[in-house]
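So the protein lines, in turn, are chains A and B.
Here the first sequence is numbered in our numbering, starting from 1 and rising by one per residue.
Here the second sequence is numbered in our numbering, starting from 1 and rising by one per residue.
Simulated from the structure, these hints should not be mistaken for lab results.
Mixed in with the good hints there might be a few duds.
Said to hold, decoys possible - One-sided and incomplete, this derived list gives chain A residues near chain B with beta-carbon spacing under 8 Å:
#: 1; residue: 180
#: 2; residue: 478
#: 3; residue: 496
#: 4; residue: 498
Here a beta-carbon is modelled for each residue, glycine too, at the ideal position from N, C-alpha and C.
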Amino acid sequence: MLVPLSWLREYVDIDVTPDELEERLFSCGFEVEEKHELGRDISNVVVGLVKSCEAVEGTHLHQCMVDAGVHGTFQIMCGADNVHAGGRFPLALIGATVYGTAKDHKTIEGVVTIREGKLRGHDSFGMLCSGTELGLTEDLYEGAGYNGLLVLPEDAVPGEDVKPILGLDDWIFDVSITANRPDCQCIFGLAREVAAALGKPLRAPRLDHSEDGTEAPLQVTVEAKDLCPRYIGHYVSDVRIGPAPQWMRRRLALAGINAISNIVDITNYVLTELGQPMHAFDYPYLKDAHIIVRRAKEGEKVTTLDEKEFTLTPENLVIADAERPVALAGIMGGLNSEIQDSTTAVVYEAAAFQRDNIRKSSRALGQSSDSSAMFSKGVYEYSTVMAMERALHLTEELGAGKASKVHLDVNTGNSLEARTMTVSLKKVLGVLGITVPEEDVIRIFTNLDFAPELSGDTLTVRIPAYREDIEGYQDLSEELIRMYGYEHVVPTFLPTAQVTMGGRSDRQKALLRLRRALAAAGAHEGMHYSFFSPSDLDLLKLPEDAPERKAIPILNPINVDLSLMRTTLAPEMIRAMARNEKRGNMGGRIFEVGKVFIPKALPLTDYPDERDTLSIGVFGKEEDFFTLKGLTERVADCLLTKFRYRPAEKTFLHPNMTAEILSEGRVVGYMGKLRYEIAAELDMELPAYVAEIDLQALSDCFPRVGHYTPLPKFDVEKRDFAFVVDSEKTCEEIEDAIRASCPYITNVELFDVYEGLQVLSGKKSMAFSVVFTPTDHAFKDAELEGFVEKILEDLKVKAGAVLRG
Amino acid sequence: MADNMDVKERILEVRKQVEDDLALLRDSKSVYEAKKKIMDGKTGVIGSMMREMGKIAKEQRAEFGRSVNELRDWAEKRFAELNEEFRKKELEARYESEKIDVTLPPKKIRAGSLHPVTLVTNELIDIFSSMGFEIYEGTEIEKDYYNFTALNIPADHPARDMQDTFYLSPEFLLRTQTSAGQIHVMERGKLPIKVISPGKVFRSDDDATHSPMFSQMEGLVVDKGITLGDLQGMLNRLVENVFGPGTTTRLRPSYFPFTEPSVEVDVSCFACHGKGCRLCKGTGWIEVLGAGVVNNKVLEGCGIDTELYSGIAFGVGIDRLAMLKYGYNNIKLLFESDLRVLGQVKE
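Using the sequences and the hints given, assemble the complete structure.
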């Protein structure tokens with residue numbers, strides 16, 4: 001919110017510097033996002049009295065001698081048509097800064113520093129300035145819009161700084177107002193806070209006015225009482241449309257509002273001053289002089305002041321006359337009842353509308369205004385009455401019209417009186433954990449106009465109606481401390497709290513262990529969005545009925561690429577690898593621990609299953625299927641389980657380089673090489689491999705921490721075997737057969753595979769190292785021979801394996 | 001061998017022969033082999049000498065025995081000397097042959113890394129675990145009730161505008177704040193409560209400084225006699241742990257519907273220690289988190305007796321802490337898995 005210091009000063013005497021005011025506002029909850037002096041770019045511009053002024057022949061220039069008081073008298077060359085001897089104009093001295101303008105003399109093109117110059121051969125020691133060159137407009141200073149010199153008042157003393165004369169020494173504060181203080185979304189509301197913070201009296205704006213205007217019929221009906229708790233309409237006669245006076249236009253301009261005409265400016269002025277949106281209807285255009293506040297009919301149309309047409313639904317609240325909508329309630333007036341130069345009678349509206357409805361309509365229709373913004377922030381009913389009085393006062397003050405006795409106030413009976421609240425001071429202070437001297441308590445609540453009375457521990461306050469946010473003793477604690485100062489809070493460390501057990505759950509411990517294990521194995525942890533794109537599912541070439549396609553859609557996504565809750569981590573992992581290659585990272589290992597979202601039903605009727613999931617991606621020339629498998633084995637190891645692998649098919653993975661991962665009899669994931677056609681789609685040339693493991697399915701493993709198995713008492717025995725088997729046989733089949741043949745086998749490890757000239761075609765040689773661990777006695781040679789023979793026998797039968805000769 | 005062979009002569013002869021053999025040795029391996037051969041009890045030129053005892057005249061036997069033993073001692077000593085000499089040379093040669101250029105590049109040992117958000121989250125969890133806080137993670141998909149209504153943000157509340165929400169259905173949404181977890185914890189009905197709740201949150205904001213997904217951590221204490229002073233004391237510990245000893249906090253008034261009073265918490269700038277720098281935009285303070293005394297309406301909504309209990313809560317942006325701590329200049333860097341970015345920071 002833009003707050004001109006000069007406007008604030010109308011209600012409260014501010015005897016602190018702008019910096020101090022910023023500090024005070026900040027400490028009581030109003031952050032000043034930015035502040036600046038209106039004339040921040042203007043310096044060394046003084047009142048110049050033109051002593052002599054002679055036209056230079058053959059040019060548009062005048063050669064002037066200009067008296068600048070204590071600064072001296074200077075020869076100035078001036079091209080403006082209104083320069084004349086005896087005139088007082090702003091004189092930019094040598095070294096002054098003013099705005100440079102384009103050829104049109106209107107468009108500002110940055111700040112320039114004035115230097116000695118020569119114009120058509122004549123020396124000039126400064127520059128006489130136009131309003132534009134000082135950053136002024138007609139609204140900010142009378143005459144500043146003229147395309148020539150800005151004329152200063154007759155009583156301006158030569159040599160004096162022009163800034164105070166032109167109001168350039170004013171300050172503009174951009175204050176951010178928190179959502180709980182809609183009462184401060186206006187200059188007067190903020191002035192109340194400034195007065196309380198500075199301990200200064202508050203001057204209320206004048207509301208008095210006569211009611212001697214001509215009367216006319218007017219009727220107000222509020223049909224949608226739920227959306228409009230209060231509607232005040234007031235008939236104003238003898239309206240004479242014209243420009244608002246300069247002081248009002250200046251204030252509006254400083255607050256960032258364009259002046260339009262007296263009546264419209266009054267409504268904008270009241271909005272800015274009191275935070276109450278108002279509207280003025282051109283009376284004769286209200287059919288049957290009847291204002292009806294109602295929901296729009298389905299398909300009903302309205303054209304707003306900016307000539308945009310809207311088709312409405314019953315969700316939209318309108319102000320209608322007997323026949324048609326004449327305004328989008330709280331958002332914008334209708335073109336059909338717009339104030340025109342010929343308007344002679346108006347109806348002012350000051351109403352409270354339901355915040356949510358205005359906000360939703362404004363969003364749904366894509367139409368907004370200062371008024372709808374204010375209603376969305378919240379307008380308390382309190383301000384409707386005050387605003388109407390104020391508008392009528394200003395109308396009279398400006399001579400813009402005459403208030404009549406025709407005043408209609410339709411309300412639901414809400415009180416606008418102060419509420420009495422009685423609380424225990426001890427409780428108020430208990431929230432803060434400090435004591436505040438009683439005199440400070442009284443002073444602070446008095447400054448806030450809460451009329452405090454303290455009797456023992458009982459604090460009684462009267463909450464003004466504009467403070468709807470104050471509901472209980474905690475709110476009073478906040479009022480107290482924000483005015484007393486948060487620096488008074490004494491940091492303590494839960495001296496009254498009980499000792500509690502804390503720490504990570506088994507799941508949290510397991511997931512952390514997993515992350516650390518993968519990082520230790522050279523993988524970097526990444527994090528991707530929880531939502532993805534329908535195109536991600538297409539990238540994986542998933543069939544229409546694939547379970548991954550049953551993803552939860554976001555109703556209002558930012559864009560389609562972020563529109564589904566992810567059901568698999570694979571696509572973002574694949575894209576991350578592709579992105580890395582594109583950026584010149586030629587290989588690496590990435591993992592992500594995140595959630596996939598599996599709905600029980602769509603649309604959602606219950607919380608979906610949020611499953612902890614791991615994805616791992618490895619890419620680059622140094623990686624292959626087995627480096628990825630090394631990482632998945634780390635996962636098994638870290639969760640104290642065993643994984644088994646069997647060939648599988650995935651639409652996005654290599655048909656002959658893909659495995660399902662099983663743990664304790666269940667499929668928990670998959671891994672494989674990215675299909676070449678998908679890699680090509682992503683402009684990926686490097687080989688890429690991806691694994692995805694459902695950690696939720698492994699949650700039984702989370703509490704495992706391992707336990708000690710006693711070391712063997714007897715020496716282990718090791719034997720190596722090389723078998724010749726059919727090429728189709730998997731390592732796992734042979735391994736399983738070996739393990740099954742003898743209970744003392746504690747480890748079987750493949751150490752060589754050979755296919756080639758030395759074995760028959762269609763066959764391969766596989767060499768295993770087998771460890772036998774005795775439990776209760778040392779093996780005798782014959783016993784071991786027996787084990788070996790059993791292995792050979794079993795493998796011949798089960799796997800057709802023969803010992804390589 | 002002649003029966004009358006003089007003992008001395010015999011010993012000298014053997015010794016001469018052995019010395020000639022030893023003179024030919026060039027390395028420790030040949031010393032070992034020569035020793036084995038010469039000292040062999042059956043065939044060795046010295047080792048088998050005692051076998052000749054029978055051929056020695058009785059009166060000379062004692063002298064012979066002593067002389068053989070001396071010879072044996074001499075030979076052992078020579079073998080040891082030679083062995084020592086060659087071993088030493090051989091080691092020197094080996095060391096010399098293994099000379100390397102220590103400035104050659106290393107063999108690649110891949111080091112991975114944890115995500116910066118994981119790192120900061122862990123740090124926060126460690127701090128609060130040590131203070132007896134439980135970790136409650138909650139769900140990313142949440143009911144409107146828990147994300148808003150129960151936190152004193154009814155449907156028409158302007159605070160809903162402060163957070164642009166992704167909806168999945170009229171009832172379900174992507175949580176906009178980890179505060180949603182508070183309610184679940186309080187609804188369990190177990191008091192006192194000390195809990196932190198880290199996790200991902202979502203807001204419909206996507207521009208240079210906003211990501212639609214980011215990470216937050218909520219902290220909540222509900223017990224008897226908990227005050228705003230406790231809040232600041234707790235947060236001082238938090239920031240000292242994250243940003244280093246001596247870091248302090250400043251409270252200033254703010255507004256969150258679920259706390260009253262509500263405060264913004266600034267930390268003293270850890271880069272300039274309050275003098276004012278680019279990081280803190282010259283103010284000496286950096287805004288890092290929001291906090292407050294839990295609004296009684298929220299506690300009461302969860303069935304907690306506010307006559308007895310009070311609470312404090314805070315919420316902190318984990319990504320923001322990570323960015324401040326490690327100096328990332330763009331939040332989007334955290335979600336791109338760029339290997340040049342990951343791994344730059346360590347636990």
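Here is how each hint holds up against the structure:
Nearest Cβ of chain B to the Cβ of residue 180 (chain A): about 4 Å, under the 8 Å cut. The hint holds. Proximity of residue 478 (chain A) to chain B holds as hinted, the smallest CB-CB distance being about 3 Å (cut-off 8 Å). Here the hint on residue 496 (chain A) is kept, as its CB sits about 4 Å from the closest CB of chain B, short of 8 Å. With 8 Å as the threshold, the beta carbon of residue 498 (chain A) comes within range of chain B, its nearest partner Cβ sitting at about 5 Å, so the hint holds.
Hint compliance for this structure: no hint is broken.
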